[in-house]
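Protein sequences appear in the order of chains H and E. Following the working numbering, the residues of the first sequence are numbered contiguously, the last one being 830. Following the working numbering, the residues of the second sequence are numbered contiguously, the last one being 830.
Heads up, some of the hints might be wrong.
Because identical chains cannot be distinguished in the list, a pair is counted as satisfied if it fits within a single copy or across any two copies.
To be verified - For lysine-lysine, the following DSSO-like pairs were computed, each having C-alpha atoms within a straight-line distance of at most 30 Å:
id, residue 1, residue 2
1, Lys797, Lys758
2, Lys622, Lys754
3, Lys680, Lys797
4, Lys797, Lys625
5, Lys625, Lys707
6, Lys680, Lys657
7, Lys707, Lys601
8, Lys627, Lys797
9, Lys707, Lys627
10, Lys758, Lys611
11, Lys797, Lys622
12, Lys695, Lys680
13, Lys754, Lys776
14, Lys707, Lys622
15, Lys776, Lys627
16, Lys622, Lys657
17, Lys707, Lys680
18, Lys695, Lys776
19, Lys657, Lys776
20, Lys695, Lys797
21, Lys622, Lys680
FYI, nobody ran anything at the bench for these hints, they're computed from the structure.
Protein chains: 2
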Amino acid sequence: MNIILLDKNETNSDGSAKIDGRRFLHISKVLKSKIGDSIRIGVIDGLCGTGTISEICDNSIIFKTEFSKAAPSPLPITLLLALPRPKAFRRTLETAVTMGVKRIFVLNSSNVEKSYWDSPFLTPEALRERMLLGLEQAGDTIIPQLTLCRSFETLINDNLKDIIKDSTAVIAGPSEVNESQPKPNGQITLCVGPDRGFTAYEQKRFIESGFVQYSLGSRTLRVEQAVPALIGRLSAE
Amino acid sequence: MNIILLDKNETNSDGSAKIDGRRFLHISKVLKSKIGDSIRIGVIDGLCGTGTISEICDNSIIFKTEFSKAAPSPLPITLLLALPRPKAFRRTLETAVTMGVKRIFVLNSSNVEKSYWDSPFLTPEALRERMLLGLEQAGDTIIPQLTLCRSFETLINDNLKDIIKDSTAVIAGPSEVNESQPKPNGQITLCVGPDRGFTAYEQKRFIESGFVQYSLGSRTLRVEQAVPALIGRLSAE
Numbered sequence: 594m595n596i597i598l599l600d601k602n603e604t605n606s607d608g609s610a611k612i613d614g615r616r617f618l619h620i621s622k623v624l625k626s627k628i629g630d631s632i633r634i635g636v637i638d639g640l641c642g643t644g645t646i647s648e649i650c651d652n653s654i655i656f657k658t659e660f661s662k663a664a665p666s667p668l669p670i671t672l673l674l675a676l677p678r679p680k681a682f683r684r685t686l687e688t689a690v691t692m693g694v695k696r697i698f699v700l701n702s703s704n705v706e707k708s709y710w711d712s713p714f715l716t717p718e719a720l721r722e723r724m725l726l727g728l729e730q731a732g733d734t735i736i737p738q739l740t741l742c743r744s745f746e747t748l749i750n751d752n753l754k755d756i757i758k759d760s761t762a763v764i765a766g767p768s769e770v771n772e773s774q775p776k777p778n779g780q781i782t783l784c785v786g787p788d789r790g791f792t793a794y795e796q797k798r799f800i801e802s803g804f805v806q807y808s809l810g811s812r813t814l815r816v817e818q819a820v821p822a823l824i825g826r827l828s829a830e
Numbered sequence: 594m595n596i597i598l599l600d601k602n603e604t605n606s607d608g609s610a611k612i613d614g615r616r617f618l619h620i621s622k623v624l625k626s627k628i629g630d631s632i633r634i635g636v637i638d639g640l641c642g643t644g645t646i647s648e649i650c651d652n653s654i655i656f657k658t659e660f661s662k663a664a665p666s667p668l669p670i671t672l673l674l675a676l677p678r679p680k681a682f683r684r685t686l687e688t689a690v691t692m693g694v695k696r697i698f699v700l701n702s703s704n705v706e707k708s709y710w711d712s713p714f715l716t717p718e719a720l721r722e723r724m725l726l727g728l729e730q731a732g733d734t735i736i737p738q739l740t741l742c743r744s745f746e747t748l749i750n751d752n753l754k755d756i757i758k759d760s761t762a763v764i765a766g767p768s769e770v771n772e773s774q775p776k777p778n779g780q781i782t783l784c785v786g787p788d789r790g791f792t793a794y795e796q797k798r799f800i801e802s803g804f805v806q807y808s809l810g811s812r813t814l815r816v817e818q819a820v821p822a823l824i825g826r827l828s829a830e
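Can you make the complete structure from the sequences, with help from the hints?
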C-alpha cells in the first residue's frame, strides 16, 4: 500500500479524515507511524496529497489532509483482455491497473472456459476492490473504467469500432517470424487473447476490424506474464 | 506445457523415447493426442524437434524423436534479483525464464526478510523444477544459470565486476523525474531490488559499481510486475 485511498465522503469539512480497518492496520503495523508523521494519501478519483496524523486510537487513525497533486499520468493504453482463469485474472487486472491502464475491456473467446464468467472475482465489488489494490500499489487514485463483454460478437460488431477509434490497435501473440514490429505511439489499443490463443476465426475478426499483429518474439507467454511485458514494451516513449 | 522436455538419457539409441508422469498426463489428457500425432519436444540443454507417437500405454507414451531445431534465442539480459517473498519469487523466476533470461543472480538486501532464504523453493531441485516449467511454457530447452548470492558484500566486492563486464548495467526503480532513460542495447545487466527498494547504502554501492538508474515511471510496481515489464521494455530492438 503506497498510498492511503479515501472515499470522497471520508474527508470532513474541517479537512480531517478518520480511517479504520485494513488502512488503519497498514499505518499502525506496517508503517508504524506516530502522531505528527506524514502519510501519502489520495481521494479516490481525485487528488493526491499528504495526511498528518493527529490521533491514533485503538482501531482508527485521524489525520489532517492536504491535497495538492494530481494523480500520476495514465497510460495511453486501452486493454482488451480475454478472460483468463480467475486467479490469473485478478493478478493481471491488478498489474494493468498498477501500471496505469485506465480503460479495460474483458472479453470472451471460444478458448475461454465458460465457468470463468461465473467467478466471484467478477462481481462489481470484487473488481473494484482489486482495482483499488492496484491503485494503492501505484500511488494512483483514478479507478479505471472496466467493462465485461460476455458476447464476442456484440463486442466486435457493435463496440469495437468506437473502442479503437483514434488509436493504433494491436493484437498480441507469439510469432516465429522475426519481422519488424509496428512501433505504435499515441493512443494504443492492446488486445491479449487467452493462454491458448484466440481461434483463427476470432483472430481474423480482429484483423478485419483494424488490428495489426504485435509480437514479443517466438516464446509463448502466459497472459499474466504477457500483459506487463507488453505494457512495459508499448509504454516506452 | 508448450514443449515436452526430455532428459538426455531418456532418448534411446533407436531414436525412441518413453515418458510417463506429468508429461504423459499432459499429452493424454490436455493435448488428447493419438497414435501418429506429432508433439513438440526438446532435449534439456539441447535441440528442439518433433515426437511422433507410436504407442500409448496406460501410464506412458512412446514416440519417435527427431531433433532439427535450435532452442529459441536467449535474451541478452542478465537479471540480478533481490530475493522476493518465496511465492512471488517462484512466479518471477518462471516469468524471467519463460521470457528467455539465461543468467540469474538472486541477491540479498537489508530489505529482504532473512527467513526468505530458508524457503524450500530455494533448493536446487525446486529451482530446477521451476525453471523447467518456465522453459516448457516458452518452448525452450536451455536451463538458465542461476546463482544464489546470500552475501550482499561478497557479491558487490568480489563478483559484480565480472557479472556486468561488457554489458550496460541498469538498476530499476520508480522515478518522479521524467528524465530521459538510457536506451541500452547489446548485453544488459538488469538489477531489480526488493518490493521496499534497496537501502540508500545498497543503491549507492550499485551506482559506484557502474549501474545507472532505470525507471518505467513514477508508479511503484511489485517485483513480480516489474520484472516482466522491464524485460519487455529492455528487450525491444
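Hints, verified against the model:
no.	hint	in the structure
1	Lys797 with Lys758	within (19 Å within a copy, 46 Å between copies)
2	Lys622 with Lys754	neither (49 Å within a copy, 39 Å between copies)
3	Lys680 with Lys797	within (29 Å within a copy, 38 Å between copies)
4	Lys797 with Lys625	between (55 Å within a copy, 26 Å between copies)
5	Lys625 with Lys707	between (45 Å within a copy, 20 Å between copies)
6	Lys680 with Lys657	neither (38 Å within a copy, 37 Å between copies)
7	Lys707 with Lys601	neither (37 Å within a copy, 40 Å between copies)
8	Lys627 with Lys797	between (59 Å within a copy, 29 Å between copies)
9	Lys707 with Lys627	between (50 Å within a copy, 26 Å between copies)
10	Lys758 with Lys611	neither (43 Å within a copy, 53 Å between copies)
11	Lys797 with Lys622	between (53 Å within a copy, 29 Å between copies)
12	Lys695 with Lys680	both (21 Å within a copy, 28 Å between copies)
13	Lys754 with Lys776	within (21 Å within a copy, 35 Å between copies)
14	Lys707 with Lys622	between (41 Å within a copy, 19 Å between copies)
15	Lys776 with Lys627	neither (49 Å within a copy, 42 Å between copies)
16	Lys622 with Lys657	within (20 Å within a copy, 60 Å between copies)
17	Lys707 with Lys680	both (15 Å within a copy, 28 Å between copies)
18	Lys695 with Lys776	both (21 Å within a copy, 27 Å between copies)
19	Lys657 with Lys776	neither (46 Å within a copy, 43 Å between copies)
20	Lys695 with Lys797	within (27 Å within a copy, 35 Å between copies)
21	Lys622 with Lys680	both (27 Å within a copy, 22 Å between copies)
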